[in-house]
Structures are given as structure tokens and as C-alpha cells.
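Heads up: the sequence lines are chains A, B, C and D, in that order.
If you're matching positions, the first sequence starts at 1 in this note's numbering and goes up one per residue.
If you're matching positions, the second sequence starts at 1001 in this note's numbering and goes up one per residue.
If you're matching positions, the third sequence starts at 2001 in this note's numbering and goes up one per residue.
If you're matching positions, the fourth sequence starts at 3001 in this note's numbering and goes up one per residue.
Hints may be right or wrong, so weigh each one.
[As the list claims (entries may be wrong)] Computed far set for chain B versus chain A, every beta-carbon distance over 12 Å:
#1 Pro1002
#2 Glu1046
#3 Arg1088
#4 Ala1135
#5 Gly1142
#6 Gly1187
#7 Ala1196
#8 Glu1201
#9 Pro1288
#10 Asp1306
#11 Arg1314
#12 Leu1323
[Said to hold, decoys possible] The following label-pair restraints were derived from C-beta to C-beta distances:
#13 Leu1323(B) / Ser2270(C): 56 to 62 Å
#14 Gln3157(D) / Gly1107(B): 39 to 45 Å
#15 Val248(A) / Asp2129(C): 37 to 43 Å
#16 Arg178(A) / Arg3334(D): 54 to 60 Å
#17 Arg3091(D) / Glu2280(C): 38 to 44 Å
#18 Ser1284(B) / Gly3355(D): 20 to 26 Å
#19 Ser1284(B) / Arg2356(C): 53 to 59 Å
#20 Gly1043(B) / Val3029(D): 57 to 63 Å
#21 Ser2310(C) / Gly74(A): 52 to 58 Å
#22 Tyr1189(B) / Gly2359(C): 28 to 34 Å
#23 Gly1043(B) / Ala2302(C): 39 to 45 Å
[Stated by the list, open to error] Chain C stretches covered by chain B per the calculated footprint, using a threshold of three residues with CB under 8 Å from any CB of chain B:
#24 2195-2203
#25 2208-2221
#26 2295-2307
#27 2335-2343
Note that these hints are calculated values from the structure, not bench results.
No residue lacks a Cβ here, since even glycine has one placed at the ideal position from N, Cα and C.
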Amino acid sequence: MPTMSVIEAIRDALQLEMARDERVVVLGQDVGALGGVFRASQGLFERFGERRVVDMPLSEGMIVSSALGLALSGLVPVAEVQFMGFTRQAFHQLTVQAARYRFRSRGRFTASLTIRSPFGGGARMPDLHADAIEAQHANAPGLKVVMPACPYDAKGMLLSAIRDPDPVLFCEPLRGYRGWREEVPEGDYTVPFGQARTVREGSDITLVAWSAAVHLAERAADRLAEEGVRCTVLDLRTLVPLDVEGLVRAVSATGRCLVVHEAPLTAGFGAEVVATIQEEAFYSLDAPIARVAAPDTPYPPGTLEDTFLPNEERVCRAARSILAA
Amino acid sequence: MPTMSVIEAIRDALQLEMARDERVVVLGQDVGALGGVFRASQGLFERFGERRVVDMPLSEGMIVSSALGLALSGLVPVAEVQFMGFTRQAFHQLTVQAARYRFRSRGRFTASLTIRSPFGGGARMPDLHADAIEAQHANAPGLKVVMPACPYDAKGMLLSAIRDPDPVLFCEPLRGYRGWREEVPEGDYTVPFGQARTVREGSDITLVAWSAAVHLAERAADRLAEEGVRCTVLDLRTLVPLDVEGLVRAVSATGRCLVVHEAPLTAGFGAEVVATIQEEAFYSLDAPIARVAAPDTPYPPGTLEDTFLPNEERVCRAARSILAA
Amino acid sequence: MTSEVSAQFPVGAEGPNPVRVLAPDGALVEGAAPSMETSEIEEAMRLMVLSRAVDERAVGLQRQGRLGAYSPVIGQEASVTGSAMALDPARDWVVPQYRELPAYLHQGLPLERLFLQWTGHVEGGHIPDSVRMLPIQISIAAQIPQAAGLAWGLRLQGLDAVVVVYFGEGASSEGDFHEGMGIAGVTRAPVIFFLQNNQYAISTPRHSQSAAPSLAARGPGYGMPGHVVDGNDLLAVNAVTQAAVARARAGEGPTLIESQTYRMGPHNTSDNPARYEDPELRARWAALDPIDRVERYLVRVAGWDQSRRSELEGWAREEVERAHRVAMELGGNRPEYLFEHVYADPPERLLRERGRRLGGD
Amino acid sequence: MTSEVSAQFPVGAEGPNPVRVLAPDGALVEGAAPSMETSEIEEAMRLMVLSRAVDERAVGLQRQGRLGAYSPVIGQEASVTGSAMALDPARDWVVPQYRELPAYLHQGLPLERLFLQWTGHVEGGHIPDSVRMLPIQISIAAQIPQAAGLAWGLRLQGLDAVVVVYFGEGASSEGDFHEGMGIAGVTRAPVIFFLQNNQYAISTPRHSQSAAPSLAARGPGYGMPGHVVDGNDLLAVNAVTQAAVARARAGEGPTLIESQTYRMGPHNTSDNPARYEDPELRARWAALDPIDRVERYLVRVAGWDQSRRSELEGWAREEVERAHRVAMELGGNRPEYLFEHVYADPPERLLRERGRRLGGD
Ligand SMILES: Cc1ncc(C[n+]2csc(CCOP(=O)(O)OP(=O)(O)O)c2C)c(N)n1
Ligand SMILES: Cc1ncc(C[n+]2csc(CCOP(=O)(O)OP(=O)(O)O)c2C)c(N)n1
Ligand SMILES: [Mg+2]
Ligand SMILES: [Mg+2]
């Protein structure tokens, strides 16, 4: 089996699906000759031509709304928004218009559209390029929000996203674009939505994360293992749909839980995770669930990322206090 | 003391502050000759003239971004976005641009701007007019999100908002525009942000709400009182800043808590309330905290509001199961 | 130095004269010929008279609390009908704002479905499979770039369909308008941006919306022509739209049309124009009623007399009653509708909540 | 019928010829006179040469990993400098995108602060109180409507300030552009929309951005004039901008200027134009270097020789070293900066988190 980085896995999914389904079109800023600023679409323009791989004008609103129009026409658009923070420029088109066509038309129209967008720290991007705003999209019924953490999932979930008849915001971990290589099957396979992934099992505490934060949770779990603490690491994979059952099962088994994410604390998706667990598994909890997140400040310049983002130290410390409780 | 409805209280605050501070300008769609579609600015155009009360073109992005520009020039804009759902059209200008000018310029520039916007059910508005998306704004550090529930607070908090040197999203309960009359002092007073309001005190369970849902919580508390259940009703008043201490105190006192809001459940602000309480007051909790919210569906047409929105019956039922736990 | 600096794109003080075919007295203007057969013009009359009958009935029903907010078409019937009739409903699409009733009917939408829309029945948005139109759009301007994408997509699939998207002069201020025009230009999408300038956006007058003497002047900024047409002249609107349709069909790209008209009714049934309307402006436009103008033409060329109009009005009233009755027979919304068509494949959590809510109360 | 249907706003196949004052050989074009004194032109040379020296140094530093992403100005120096020098920094404002270094310097921003910006020091965005400019904007086009609001606000306060807002042809596709133009038009705000069309937005070529032959054609759609200027001609840019400043100052409203130029460097230091650049296009523009053109002019009219340019370049290199050194002396970001200037009055919860984080690690 070949090994792939996240970006290679995404590229592989794109080319497979474009070859399999003629209705698939890829659009976005710089996705054509350049192959995308991160090269996710490299080679597609040469192979599928300018009618199916389209360099869009510089407007996220235009990208999302015309992708929506393409979907309404019967095509299957996969649009790239260069950075997740810039989905805000298309916010009403994505979180209302795309999300509600099915509902508003009683199923006559569906928005079978995928918006791919990288996010997250670690790459020391310029101002406004790393914002994690998944929670803001998760509060928009009709939209799915999926956040793969590894190459295998990136490929399988992107194929699921493109085939999903509903709009999917596919958030990609920028930090792992070039790294995190792992074996990824050639050819077609899908990873279903709404099924969390148990990355490792341990009986002392459950670390819940998604996207890049899963790797952080794993590293923290390694360190805690040296101290004799056995962690379960659960990768939610998709926020909408949320695998409530899998989450409850994983937390009930340890009685202790820590949620890790890159977005600011207040109204981040960690709040939903905590609220859900405490509603559904209150009596299994031996200690309060904690969140390790960014503080409620704007995303700072790169050299302040270490202060801003969750890191191993902060995750371990929080885990230790939960264990001490 | 005169009695006022919510809309009268808002109008009173606007006229007082415009008279007191020459830098205040009011702008928005139809705020001029018409006095606003809900008459919040009635009489201001006649009194303060077209330079200070401006009918804006039909673009929320334009309203928010030019209000931001006016603020950068040294004025104090109070902009109306006709319905909170349409703040999505101005999402990046509000949640990033306005919210981060202070941070990005190390204090050289501040965005002393207030965005007023009604929201919420009960008025059977057309499609897309009632959406409650406060949680999506609350995840934007740098922005304040305030949600008065009664005429007294509406006036005092609007005066606080206009005088606040940072951007404030001021969400108004459409349902209460014409009703909920109560005594409101004439002249100047402010209600500070970050201080929850105890609407009533009871020892059995704490109902937490904001904006129109506070009235629902009160009605439910009345009904529960008939069954002998004594409720504390806590009005959060502002989501950002959040009165963590007040919240914890109110919930610790009863050991049981129910959060009520109009927004869809998943990633609604209720999740933050639950997460905060369980982090800070875990050991005082006698039962899981529950949320009564809208389901994760789009906002439906008016005649389905009763199925969609929290109502007395659902609040009471949830309270009873918490009490039975 | 300023003599060196010529404004290559100067702004005139006033916009150009709108295209006109039919004079207010119903005569053809010098040198003009009608773009529609007489039978088509009679069909247009039918749609326009029906539209006005709906307006009247809907306002009445709304006053009785039996209808939600309704946006009357009155004054704009020629603008909507003339443009819609340039389309072939068997292949072309209409993308609505909300004030284009005759266009929906021409596309084949049953009138009863519109009553469902206005009463807030979920089936109101359910466009039958055979009807090529999107649901009514309440979020101003959101439909504009979607229409451009739709047109682009239809063309990519080798269809020779044309899309007409309707919106107001108010809508043209939203970023969505710009983005729709932009993508249509670069993709040469077969879409017609049909801007109904009815002089108001709720209370906001046209001049507060934009400093441009004409909104059609925006076309060239996106590489497409911009036309101004007398929106109360059925034949002018139809001719200009026909030309734009031909252009789009031929693969030559999009067109912007500003149809200058006037909203003779309130913005919707909860609006009171007395607070802001300019009575002189209103009086000037009142003299230019679009239905009367066509009637005068038919009197001249097709021997119409007063009885034809009355007959039509009678038929229209009956048709309105019929449609309203059929719509009401469907009954109100049922709680389970809330949980339908949210996702093809709803999350577990939503299904559980559905069970709770529909079981419980 | 189509003969009836004249497009009132037709689209030409090509845009108009840009305004030009200085021929590529440094001679004035027939009938043109310079809008700047010779001393001012020498000052412009200083800014342009300094800008290019910064480009060189920054690219070098970035390769060594000592600087974040940097967007070179090379090729656009005349476009930026000519426009900025039409302003009076004591009352006028500059609202940047990010590729306008000489304009910032002309407004009075110390070069060292820019090095702070590029190294990601928080103080980089801290514009000194005396300098009338907003911080660099990374969110493309967001600054455009803000600039319009700023200009409107300054005028409401009775100031006679003018605002120039810079942005690329890429930025002109965003809804924000439309909204900024719209509000400036209706308020007659004293703002100049200075569109630098440098032919690319990262890799996306100009023709993929819009079907309009000229982006200046968008002016009239907002009630303002649109000019096209040779952006590699310092004197043409200055003349056109001066006229727009005069117009704005006189209360006559905003102007759109499309400055046609070319990005001779990569988009930023992590970009590789070889993947997408049209080599012929590049070669054509390479022959039109904006600094060389002004130098040739100064050779003609002010007796410049090669030594003057070398001297300037030497000075510029030193100035760059000095500024870089001063910037580095400030040291890196400190953790506490993260918690500063979030709110005037930070929420309790944030203060607690600050204590935890700064106390703890
Ligand atoms: C995005 C958005 N903003 C505001 C509104 C409130 N609103 C409803 S209709 C309307 C005016 C529309 O004017 P125009 O586009 O000219 O169409 P007209 O009603 O005149 O036909 C406004 C402001 C809305 N529905 N959507
Ligand atoms: C809203 C937004 N979308 C996308 C980007 C990524 N991006 C950065 S620069 C750039 C191109 C800008 O092109 P243009 O406006 O022509 O300016 P230029 O770089 O050519 O000077 C893009 C797409 C961004 N920073 N902001
Ligand atoms: Mg209108
Ligand atoms: Mg460019």
C-alpha cells in the first residue's frame, strides 16, 4: 500500500472521483494551473481541463454561491476556499442558502456540494489565515461539518463528502498537509460520517479531539503513558453528524474526559462536546470534564501561536488535574 | 416613572445618546423617514437630520463595514441590521474586522460601534427572519454579544453598548418589541455588561436564559410553582462577557439547572453555559444540566414555530425530569 | 494638468432614455414593431389581470389574518410578464426574488402553490419537478449568484437553457449582486440579470440606493451590455429580453436589464407607504398603468372593447378563488414536516429529537 | 426587432488607452506637462529605490527564515509612489492592502515598523498616532468599504481629508469592493479607489478575474468616474490621482482609478510564478521598469547621471539595514502580548485565563 500525506490523500480522492463521476467539477482560487496554493488539485487542470477545473475570481462568496448554483443545475461541485476563516465571506451562502435548499424546497432541490478548506495553526501563516471556526458552522442545521485528522480519513471522508447529497464543509488540517504520512489504500473507499474513531484505548481518561488536535492528544497520551496514565484518544471525525453514542461510550468507560481544540474557548465546539456528555453520561463522570482550547483572543501572529494554541504541556496538565480530582 | 415597551426603551436610549453625544450617528435600512421597520428610530430623522440618521443602501456588509469606517474616523455609529440572520451577510466585517481592530493595531484603532439587530420567534415573520445565531458571534473574540430581555435592560444596556469602546452586537427580542411594558426611568442610566440578573429566586432548580427566553422561563417557573417547585430564573443578559461567577453561584445554590434558548441545540450558546457550569460547579450538581432549545433543523415557516421553539410545556417537562433525577 | 486627465468612463448627470415600444396611449412608437403576436399579447393580458386579481384577494386575506406578508406586484405586471414571456418554460429557468407572480405562472407553477407559500405552508416552496424555477428568495440578492452558477452549470451540461434572475434595485446594492455579475461575465453564462427598479426598497428611495444615474451602467464593468427599458411597456420589456435571451442562447453571454417601473402598492401587507412615498412621483407613474396601456393597444389593433377586460377580470377572480380553495384543502402544516427534508440522511441526534417532540406534544 | 434594442451601455472589446505622461524612454509625451516639481520627482526616486532595496533584503531574509511571508512591490513602485505623493500626509489617509510600501513611508510610517510587521511582531500593526493610515489588511478587500466609511466620517466631522484605498484587481472581485464603491457614491465620500491591476492575483490571471475589458469601467455604475492610467508611469499616476484628490477635496465625490502595472516579483516569498506566469507578458512589462523610466526623465531634465542612482541605492541599503536592526532590537513577541488590546475592558474569564497561562508556562 502506498503511503500518503494529507494533501496527497486529498488529491487522490479528487482525481478518483473526477474520473469516476463526470459531474464533478473543482473550483476555487488558484486551483487551476497552480494546482492550488497547497497543491491539493495539482495535475487536475492538465488532466480534466478548464471546464472541470476552474480558477475562480477572488471572492469566496462567488465561489460558494456559484458552486451552489452548479449543484442546483445537477453538477457536483467541489469548491476550495483557500482558508477556513474566509468562509465568513460566504457565510450566508453556505450556512443558510446551501444548508437549507433541501428544506425550503421540500426536497426538490439539494445542494450536493463540498467546500474544502484548510485551517489551523502550526504553519505560522499570516494574520487571519489559521482561524478555527468550525463551531460557527456546526450551529447551521442542514450543513455537515467534517474534520479528518489523518490521510486515510482525509481520502475516505472526502469521497463520502463529494457523494453526499447534502452540503459538506470539509475542514483540512493545514498542519498535516505535508506530514503525517501513513498507508492509504489505492482506489475507492469511503469513511462514513458520524462514526468517531478510537485512536487508542486506555482506562484512565478519554481525550476527545478532531482534526490536528487528535495528533496533539496522541502526543500528550504518550507522555502521560510515561507517567502510567492510560488514555483513550477519541477522534470525533465529524462534528455534524456527531457520534453521540460513540462519544458517550468512550467517556463512560473512563469516567474522565478532556476535550482539546484549536478554536477559542467560548462557544467553541468543545462546549457542545462537554454539554452532550454531561447530558448523556452524567452519572458515569468521576470528575468535571475540562476543555483545553485557545483563549478568547484573536488569532495572534505566528510567534505567539505557542502561547495561543493548546500544546502537550497544557493538555497533560489539564489531564493530571482531572485525574487528581 | 413612565412605562415603556422594548422598542420605546430602545428609541429613548437612541434619542438620549444622540442628544448627549454629537458623535453618535444612526444608520441602517429604512431608519430615516420610515423610522425603521419596527420604528426603533422613529422621530430621530426629523430631530437630528439626514447627516446623523442615514438610510443606507440594501447591504448589511455595507452597513457594518461603513459603520466600522465611521468608527475609525472617530464617530460613534449605531447601525441597525434589520434582522439578526442578516448579520451573516456582514459576517467577516463584524466578527473579524470590527472585532480585531484594537488587537491588530495594539490599541491605536478601536471600533466603538454598536450593531442593533432584532431576532427570535413569536412574530411569525417570513422565512429567514427569526434565526437566533448568537452563538456564532460569541465565538468571535473582540466582539461583545449582549441580549437584553426587558425594557429596563434594553435601555440601560443600549446606552452601555453605545458608550463601550469596543464593538457590541446588541440583539433585540422581536417578540417583546411592543409588549413587556414596564417602568423605565427617564433620562440617563446604564446597565453594566457581564452581570447576570436574578429574575426570581427559588431553591429547587435554576432556569438560565437570555433575551425572550427569559420570559418563557418565567412563565414556566409560574407553572412549576403551582406544582410546588421553586425556580431561580437567571437572565444572563450578556453572553460576552459572560458572568461566570453569577452563573455558578445561581446554579450551585440549587444543584439543578436547565438552559433555555431559541437557537438550534447543536453548538448553540446553551452548550457553553452547560460546559462552564460543569467545569466550575461540578460537585454542586445533583443532576445533569439539560438544554431546551430548537432542534437541529432550519427555522420553519411561522405555523411550525410552536413545534420548533422551546415552549412552556417543554421547559416544564425538562425541569420535572431534572427534579426527578 | 487636469486637461491631461480625461475620465475615460465619465458619468452623465442622467441615465439614458429607456427603450420604449408602446406609447402610454397604446400606440406603437414611431418605427417600432411588436415582438409578440397578438395572441401572445392576449396571453400576457391574462397573466397580468390574474396577477392583479391575486394582489387584491391577497391583501384582503391578509387583512383578515388569513395570509402572511404578501408583496403585491401591482404596477410591475408588464415588467414581469414581458420578460417572462421571452422564455421557453420547457427549457429556460426563472430564479425569483418574490414579486414576480406572472413569471411563476408562465413557468407553469400552479397558483395554488403560491397560496401555500403565502400562508406559510411548507409545500409553498416545493416547486413541482416539471417547473423550472427556484423557490422564492427572501434573503435579498442571495439568488443572484446562484442563478449565475445555475446558468453556467446548465451550459456545462450542453443544454441550451437560459436563466432569468429577478431582483430589485435594492438587491443590486448587496455584494451578492456583484459576485453574480462577476462570475456570469467570466464564464459567459447564459443568464439575464433582470433588475426591477421599482423606485423603492421598502421605504428607501432609488437615489439613496446608488449614485449611478442608471443601474444598467453596471453592465460594462462585468463585460456585459446593460439596457434600460420602460418597465411599464410590455412590448419594450419583451423585446429587450428576447434579444438578451437570443444572445445568451447563442453563447454570447449574460445581459443586465434595468426595467424602470413603480411599485404602486405597499412593500408588503404590513407596510404603509404614506410615511415615505413621494406623492408627485406616485401620481406620475399612476398615469402609466402597464395593464391599461396594453389594453389600449389591443383596442387599437385587435378590436378589444371594455367587455373583454371585464370578462378577463371575472375569470381571474374565479381562478383566484379556485386556487385559494385548493390550497386551503391541503390543511395546515403538520409537526412532522419540521423534521423532513433537513438532510437526506439525518443525524441520529435529530431523529431522537424528532421522536421526542412528535411523540411528546 | 433587435434593431430596436440598443444596448445603452455597450461593452467595447478592449479597454481605453491608459493615461500616459512619460514615454518609456523618459521623454514627456506630446503635449503633456509633469504634475510634480523636479524635487518631488527626486523624492519619488528615493522612495522607489528604497522600496526596491527593501524587496531585495526582505526576500533574502525570508530565505534565511528570518522573515515571514513578504509581498514584493517590484514593478509597481511608480503606481504606489505616484498616487501616494498626491496626498498630504498631514491631513490625508492611506488605507493599505499590503503591497504599497512607498505609500506607507510617504505617510510617515517608520520603516522599522514594517520589519516588525513582516517578522510577525505585534507592534507591526501599531501605527503611530501621528501617521494617518490603517494597518495592513490581509483579508482581501475588507479594507475597501472601511475606507469609504472612514472618508465619509472625516467629512461629516468637517475635515477636508481625502482617503486613498489601495487594492488589487483580485480584490475587486469581492463583494466588499462593490459595497465600498456603493456607499462612497451615495455619500459622495472623499475617497479614491486605487486599483492596482498587476495582472495576477497569486496565480490567477487578470482575464479570469473579470470579463470587463477595463475595471475602471465600473466607476459609472456607482456614479463616479473611472480612469485608466499607465501604472508604470510615475507622472501619469500622480496627475490622475492629483485630479481625483482635488475632486474629492472639493466635495465632488469619489473616483475609481485602475493603475495598469505588473507584479515583477512572486506573489510573496513562498510563491513560484514559473508555474503560471506568461513569459511573453512578463518580457513586455520588464522593458517598462518604472524606476528606470523616471531615471531617464531625470537624466533628460535634471542632469542626472548613473552615479546618482548608485548613490541612492547605497543610501537605501544602509537605511534598510538600520531599520532592520532597530526592529530586531525590540526583540520578539512576549506571551503577555496575546492578552493585550483584546478589549478595553477584558472579560473576567479572559483575565483568569491570562493568569493561568502566563503564570503557568
Ligand atoms: C439580506 C436581506 N436584508 C434585508 C431584508 C429585509 N427586506 C425585505 S424586502 C427589502 C427591500 C427589497 O427591495 P428591492 O430589492 O428593491 O425589491 P422590492 O421589494 O422593491 O421589489 C428589505 C430590505 C431581507 N429580506 N434580506
Ligand atoms: C478574503 C481572502 N481570500 C483569499 C486570500 C488569499 N490571498 C492572499 S493574496 C491573494 C491575491 C490578491 O490579489 P490582488 O488583490 O490582485 O493583489 P496582489 O497580490 O496582486 O497585489 C489571495 C487570493 C486572502 N488573503 N483573503
Ligand atoms: Mg425595489
Ligand atoms: Mg493583483
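Outcome of the hint check:
Listed as a non-interface residue, Pro1002(B) keeps its Cβ farther than 12 Å from every Cβ of chain A; the least gap is roughly 37 Å. With a cut of 12 Å on Cβ distances, Glu1046(B) stays outside the contact zone with chain A, its closest approach being about 34 Å. With a cut of 12 Å on Cβ distances, Arg1088(B) falls inside the contact zone with chain A, its closest approach being about 4 Å. In this structure Ala1135(B) is not separated from chain A by more than 12 Å, as the shortest Cβ-Cβ distance comes to only about 5 Å.
Distance check on Gly1142(B): its Cβ comes as close as 6 Å (rounded) to a Cβ of chain A, failing to clear the 12 Å threshold; non-interface status is violated. Annotated as non-interface, Gly1187(B) keeps its C-beta farther than 12 Å from every C-beta of chain A; the closest such distance is 34 Å. Every C-beta of chain A lies more than 12 Å from that of Ala1196(B), the closest at about 15 Å, which supports listing it as non-interface. The Cβ of Glu1201(B) sits about 24 Å from the closest Cβ of chain A, beyond the 12 Å cut-off, so the non-interface label holds.
For Pro1288(B), the non-interface assignment is contradicted: its Cβ lies about 4 Å from the closest Cβ of chain A, within the 12 Å cut-off. Distance check on Asp1306(B): its Cβ is at least 18 Å (rounded) from any Cβ of chain A, clearing the 12 Å threshold; non-interface status holds. No Cβ of chain A comes within 12 Å of the Cβ of Arg1314(B); the nearest lies about 15 Å off, and the non-interface call holds. Every beta carbon of chain A lies more than 12 Å from that of Leu1323(B), the smallest distance being close to 14 Å; the non-interface claim holds.
The hinted range of 56 to 62 Å is not satisfied by Leu1323(B) and Ser2270(C), whose Cβ atoms lie roughly 43 Å apart. A hinted range of 39 to 45 Å for the beta carbons of Gln3157(D) and Gly1107(B) is inconsistent with their spacing of about 21 Å. Range check, Val248(A) to Asp2129(C): about 41 Å between beta-carbon atoms, so the 37 to 43 Å window is met. Separated by about 30 Å at the C-beta atoms, Arg178(A) and Arg3334(D) break the suggested range of 54 to 60 Å.
A hinted range of 38 to 44 Å for the beta carbons of Arg3091(D) and Glu2280(C) is consistent with their spacing of about 42 Å. Our hint of 20 to 26 Å for Ser1284(B) and Gly3355(D) holds, since their Cβ atoms are close to 23 Å apart. The supplied range of 53 to 59 Å is broken by Ser1284(B) and Arg2356(C), whose beta-carbon atoms lie about 28 Å from each other. At about 59 Å, the CB distance of Gly1043(B) to Val3029(D) agrees with the hint of 57 to 63 Å.
Restraint check, Ser2310(C) to Gly74(A): a C-beta distance of roughly 46 Å breaks the suggested window 52 to 58 Å. Distance hint check for Tyr1189(B) and Gly2359(C): the Cβ-Cβ separation is about 48 Å, which falls outside the suggested range of 28 to 34 Å. At about 54 Å, the beta-carbon gap between Gly1043(B) and Ala2302(C) misses the expected band of 39 to 45 Å. Using a Cβ-Cβ cut-off of 8 Å, 3 residues of the segment 2195-2203 of chain C lie near chain B, which meets the minimum of three, so the contact claim holds.
Using a Cβ-Cβ cut-off of 8 Å, 3 residues of the segment 2208-2221 of chain C lie near chain B, which meets the minimum of three, so the contact claim holds. Counting residues of the segment 2295-2307 of chain C whose CB falls under 8 Å from any CB of chain B gives 0; the rule of at least 3 is not met. Coverage of the segment 2335-2343 of chain C by chain B holds [criterion: at least 3 residues with CB-CB distance below 8 Å; count 5].
Of the numbered hints given earlier, the model fails hints 3, 4, 5, 9, 13, 14, 16, 19, 21, 22, 23 and 26; all others are met.
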